[in-house]
Amino acid sequence: MAAAEPKPPTGAAAARRLARSCWSAFWDYETPKVIVVKNRRLGIVYRAVQLLILLYFVWYVFIVQKSYQDSETGPESSVITKVKGITLSEHKVWDVEEYVKPPEGGSVFSIITRIEVTPFQTLGTCAESMRVSNATCDSDEDCVAGQLDMLGNGLRTGRCVPYYHGSSKTCEVSAWCPVEDGASVSQFLGTMAPNFTILIKNSIHYPKFQFSKGNIENRKGGYLKHCTFHEVSDLYCPIFKLGYIVEQAEENFTELAHTGGVIGVIINWDCDLDLSASECNPKYSFRRLDPKHIPASSGYNFRFAKYYKINGSITRTLIKAYGIRIDVIVHGQAGKFSLIPTIINLATALTSIGVGSFLCDWILLTFMNKNKVYSHKKFDKMVDAPERGAGPGICASESSQQDCVLTDARGLAQL
Amino acid sequence: MAAAEPKPPTGAAAARRLARSCWSAFWDYETPKVIVVKNRRLGIVYRAVQLLILLYFVWYVFIVQKSYQDSETGPESSVITKVKGITLSEHKVWDVEEYVKPPEGGSVFSIITRIEVTPFQTLGTCAESMRVSNATCDSDEDCVAGQLDMLGNGLRTGRCVPYYHGSSKTCEVSAWCPVEDGASVSQFLGTMAPNFTILIKNSIHYPKFQFSKGNIENRKGGYLKHCTFHEVSDLYCPIFKLGYIVEQAEENFTELAHTGGVIGVIINWDCDLDLSASECNPKYSFRRLDPKHIPASSGYNFRFAKYYKINGSITRTLIKAYGIRIDVIVHGQAGKFSLIPTIINLATALTSIGVGSFLCDWILLTFMNKNKVYSHKKFDKMVDAPERGAGPGICASESSQQDCVLTDARGLAQL
Amino acid sequence: MAAAEPKPPTGAAAARRLARSCWSAFWDYETPKVIVVKNRRLGIVYRAVQLLILLYFVWYVFIVQKSYQDSETGPESSVITKVKGITLSEHKVWDVEEYVKPPEGGSVFSIITRIEVTPFQTLGTCAESMRVSNATCDSDEDCVAGQLDMLGNGLRTGRCVPYYHGSSKTCEVSAWCPVEDGASVSQFLGTMAPNFTILIKNSIHYPKFQFSKGNIENRKGGYLKHCTFHEVSDLYCPIFKLGYIVEQAEENFTELAHTGGVIGVIINWDCDLDLSASECNPKYSFRRLDPKHIPASSGYNFRFAKYYKINGSITRTLIKAYGIRIDVIVHGQAGKFSLIPTIINLATALTSIGVGSFLCDWILLTFMNKNKVYSHKKFDKMVDAPERGAGPGICASESSQQDCVLTDARGLAQL
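Chains as they are written, first to last, in the numbering used here: chain A, 1 to 415; chain B, 1 to 415; chain C, 1 to 415.
Bound conformation, chain A alone:
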C-alpha cells in the first residue's frame, strides 16, 4: 500500500483528500455487527420478555391510559340554573324569588331553608347581645363608653341596661336595634324543599379540539317540562329534585336544612373525541363540600336585610338565612389522537423492548457458557455469501443448516 508514493502530500492536498473522504464517509451506512445465538431456550426467554413489555404497552399505556392522545383539561363552561317550587312556613307561602339567593341563576346559589328574622330594626340604642364577651354588666361602670367590640353589634354608650328578656343586664350599644340575639324569630321553610326542582343547563367547549356539547337534549312532546333526571334513562334531562341531590350526597335533609351546608353538583365531561360525539356524556356526582365534621365552622348561613322607610326613618328586617348552597362544578378531560404523544410512547416502548436484550445478555454471560452456543455473524455471513454461492443472502434461505448453525465453537471461531 502507498509504496509508490513519491513524496508526502502537501497540506492543501491532504485537506482536500480529507474532505473528499469525509464526504464519501458521510454516505456510508453503518450497522452494528451482531452475533446470532441459536439457542432455543435463550430465544424463548428473549421473545417472552419482549412480549411482556409489548403487552404492557399495548394494554396499559395505549388502551387503559390512552397515551396516544393529546389531551385538554378544564373545558370552557357555562352554567345556567333555575329553581322551581313553592314552600310554606307557619304563616306564609314562599316562592323562588324569596328563597333563592342570588336570583341570577349562576353556578353558585343558595336555597334558603331556615331563617331567623329580626324585624323592625332601626338605628338607635339598645342592650348588647349576651353572647358578646364582656357584655353583661351590673352597673354603668362595667361598660366603657366608645368601646367597639369587633364581634359585637355596635358602639358602647357606657350605660348598663336591662336585657330583652330575663332579669340580667348588658351594656347598651348604639346599633341597629333591637340586636339579633334579642329579638329574632325562627322560621323553617324547608318542609317542601326536597321537592324543589333545579334545572342545570351546562354547555362546555374544548377549544383545542373545537368541540362543544351541552347537557340538555330536545325531545318532542314537551319532554323537558315533565322529565326528571335519571342516570340511565334520562341522562339528558338535567332537572334534579333537591331531595335527590341531598340524598346522593349522602346527607340527612332535615339536618342539612337546619344547619345549612354546601353541596357540590360535579359534572364531569371525560371525552374520548376519537369516538363519536354521542359517546361524550356528562357524569354527575354529588358531594358535601363544607367540613361538616368540624362543629365550630359547620353549616352555612348568611345575613341579608330588606330596608323600608316609614315616616322618613329607615327600618330594616334583618334575615339570617340558613340554606343549602349548590355549587355546580364542571370539569373534564378530552383526548384525541395526536402524533406526538404516540411517537414518544412508541419510542419509549421500543426502547423498553431493548431492555429484554439486557436481560438476555446477562443470561448469556452467566449461564450459557457451559453449554454449546451456536452462533454466526449475520452480517458477515451476508457479505461472505457471494464467496460460497449465489443464494439470496439471508442465512436460512441460502445455505444448508450446517452453514448457518455451527455445531461447535471452533467453527464459530473460524468466522
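No wet-lab data here; the hints were simulated from the structure. Hints may contain errors.
Unchecked claim - Straight-line Cα separation of at most 16 Å, EDC-like style, residue types lysine to aspartate or glutamate; simulated pairs:
no.	chain 1	residue 1	chain 2	residue 2
1	C	Lys208	C	Asp274
2	B	Lys283	B	Glu231
3	B	Lys241	C	Asp149
4	B	Lys283	B	Asp234
5	A	Lys208	B	Glu72
6	C	Lys208	A	Glu72
7	B	Lys306	A	Glu97
What you are looking at is a predicted structure, and each value in this text was computed from that prediction instead of being measured.
Position chains B and C against the provided structure of chain A, taking the given hints into account.
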C-alpha cells in the same frame, strides 16, 4: 495457557482475583463493532430517512408544537367589569344600577333588556295562573284545599274563583297576589342596549413562571375614556359595545334582547414566554353559550323583587327579567423553555432517527446481497492501523482508498 | 455445499424450507458484537459522563421535578367566606349586612370602605352633571331635546337650567333626580375595617387521586373562635384580619380604602400524595389584582340602590360604593407515583446515558489510535472459551490476563 500453574488457587484468592478483574472490567469501555457498508445508494436512503425524521422533529415537534417548553394552563385570573349607558322604556329612563345584576362588577353579570313587572303583590288569596296544570275549575269541588303544586304559585284554598280576565275560573291560592301570569306588564328596555359600553379589566398571573399581565394599557391623553376595542388598533382598550359583542357572537340583537341569552367573552392568553412580554397578548372571542337550538330551555331570565312597606303591610314588585348574561371566561397556556421536555423530545428524536437504520438493515438483507457490498470493520481498522502506518487512524485520512473500500467480498472476509 | 443435492427443490419445498428456517430464526437471539477497549483513561471518561447524566436525572428529573409522578392540576374547590366586624362612619354604625356585598359568602365579595350616597332620588327632571360632555349650556338652544348621552344620566328635555351649586347652567335631563354628581355625600367607613376578620373555609378534592382536604382544623376549647391565621403556628386557622391581607399584598390600607381595589387571596395546594396527607398543606399568598398603575382604570367601585315607596311614589337611595374586593383563588397540583411517566423518564435516562458512548467513540477515533489500545471481543471470547478450558466464561475469571488484555494491536487483529 496456564500450563505452568503449579496448584489451583484457593477460594479466597479466586474471589480476590475475580473482584480485581471485575473492578478492572468496570473501567473498560465497550463499543459495538460496526460494519461500514460503502454503498452510495444505501447511504442516500439512510440519510434521506434520517433527514425526514429530523425535519419532522425540528418542524412539527419543536417549531409547531413547541415541545421543548414546559407549560402551564389555567392562569390565576381576576376580572373587573363595569357597564355604562342609559336606556329608555316607554315611560322611564333606566340607568346602570337598574339594569345590571348583580351590581358588583364580577366576571358574570346580566344586562336586563326586557322585564315583566307584577306590581303591588301582597300576601293574600287570588286566582291561580291558568298555565298551572289542573288550575282551571268549574266549581269549588274541582279544587282541593291544602294542595300545593310545585310549579304553581301557592297553597290552594279549596275555592274556585273568576280569573283575572276573561270568563274562565281557576282555583284560588294563598300566595303573593295577584299572580304573575294574571297581572304582569311587559317593558322593553333594550332599545339603547347595543350602545352600552362594557369595560372588562382582566389581569392574569402564571405562578409557575412568575409572569403577570393585564389587558389594559395606559396611554396619554385620557385614551381609555374615549377608545373602543379594536382587534388590531386598540387591542389594549378593553371597552366593548354590547352590540359589538352580540354581533361577534353572530346573534341577532333584537331576538336575543327579547328571549335573553348567555354570551361568553372568552379571553385567551396563549403566551410563549421565551419571547418578550409584549408578544403575550390577549385574544378575544365571543360565543353564545346557552343552547339556543332547544326551544324548551332556550333564553335566559330570572326573577327578583323590590319590597316596600306601605301602612305596615308588605308589598312587593316582582320583576321577571330577560337579559343578556355576559360570562367572561379567561383561559390560556404559557410555555417556557425547560430542560426536561427538551431532553425527552430530543431522546425521542434520536431514538426515532435510529428507525432509519431498521429500514436500511432490511434493505441490506433483502436487496443488497446480489450486488457487491463494500465494507470494512471500522473499529478493527482503527486498531489495525498502527500495524500498517502512522496515520491518524480514521480510515479515509490514513490509507489509500483500496485499503478502505474493499473491492470484493474476499478482502472483506480477511478482516 | 449442497453438492450432493440430486435435483433443485420444487417451489413448495423451498417455501416450506424457508418458513421452517424463518420460524427457527425467530427464536434466535441476536446481540451486538462489542469491542472492549481496555484503556483506563477512556474508561474513566466514559463512566464519568455516565455518572453525570445519571446524577442529572436522579437529582433534577426525579427529585426536583418529581417526573415519576402522574399529576393533576386544578382541584375541585369550594369556598365559603364569612366576614365579621362593625365599623363607624361619622353618623352611624355599620354592620356586616351593610358593608359586605354580595352577602352570600362566596369566593368573591366586596367589603365597602367608602360610599357616595345620593339620597331621595326620584324619577323627574333636573340638571345634568357638569362632567358629562356638552352638558353645560347658556340657553335652551344649546340643549337638544330627545338627546341621550350614553355616559350621561338621562334624556335631555331641551331646557337649560341652573346647576345644583354655583352659577353655571347645564341641560335638563329626565332621569333619577337629583343626579349623583350634584347631590352625593361621601362617607368613609373604613376606619375599623383593618380589624374585620374574614373566615375562608376552603375544601379541595383531586378527583384523579380521590384525595380531599380542607383548610380548617378542629382543635378543642373553641380554638376557632379565638385564633388568627399565622403561617407557622396557626396554618389551619383560616381567619384573616383584613388589615393583614392588605399588608401582605403590600398595599397601603388607607389609600386602598379610598379608591377601592381587588386583592387576591391565593390558596395553593401543591401536594405530593406519595407522602402522608398531613404533608399536603395550603399555602396562602396575597396579591393586588387590579392594575393600580393605570390611573384611568384604577380602583374598584360599583353602584347599588335601595328603593323605598313613599306616598305611592318610588324613591331610591343610590350608593356608589368603593371597596376592597377579595377574590379567593384556589389552585394547586397534586402528584402521585405512576408507572407511565416513570417508564418514559427512565427510558429517556437510559437513552441519554448512551450519549456517553457517542462521546467516547469520538475520543476513541480521534485521539486513541496513536496509543496502544487493548481490547478483545467479549462475546467471541465467551464462545471461544470451551476451546481453551472449562472456566466460567467471563474473561476475567477464566483466563490469565494476557488472554484478555492483549498487549499489542497485532494480537487484537488475530481475534
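Taking the hints in turn, this is what the structure says about them:
1. Of the pairs offered as hints, the one joining Lys208/C and Asp274/C holds, with about 14 Å between alpha carbons and a cut-off of 16 Å not exceeded.
2. Distance restraint check for Lys283/B and Glu231/B: the Cα-Cα separation of roughly 8 Å lies within the 16 Å cut-off, and the hinted pair is therefore satisfied.
3. A C-alpha spacing of about 14 Å is found between Lys241/B and Asp149/C, which places the hinted pair at or below 16 Å, so the restraint holds.
4. With a C-alpha separation of about 12 Å, the suggested pair Lys283/B and Asp234/B falls inside the 16 Å cut-off, and the hint holds.
5. For the proposed pair Lys208/A and Glu72/B, the alpha carbon gap of about 15 Å is at most 16 Å, so the pair holds.
6. For the suggested pair Lys208/C and Glu72/A, the alpha carbons sit about 15 Å apart, so the restraint of at most 16 Å is met.
7. Restraint check for Lys306/B and Glu97/A: the C-alpha separation of about 10 Å stays at or below 16 Å, so the hint holds.
Hint violations for this structure: none, all hints satisfied.
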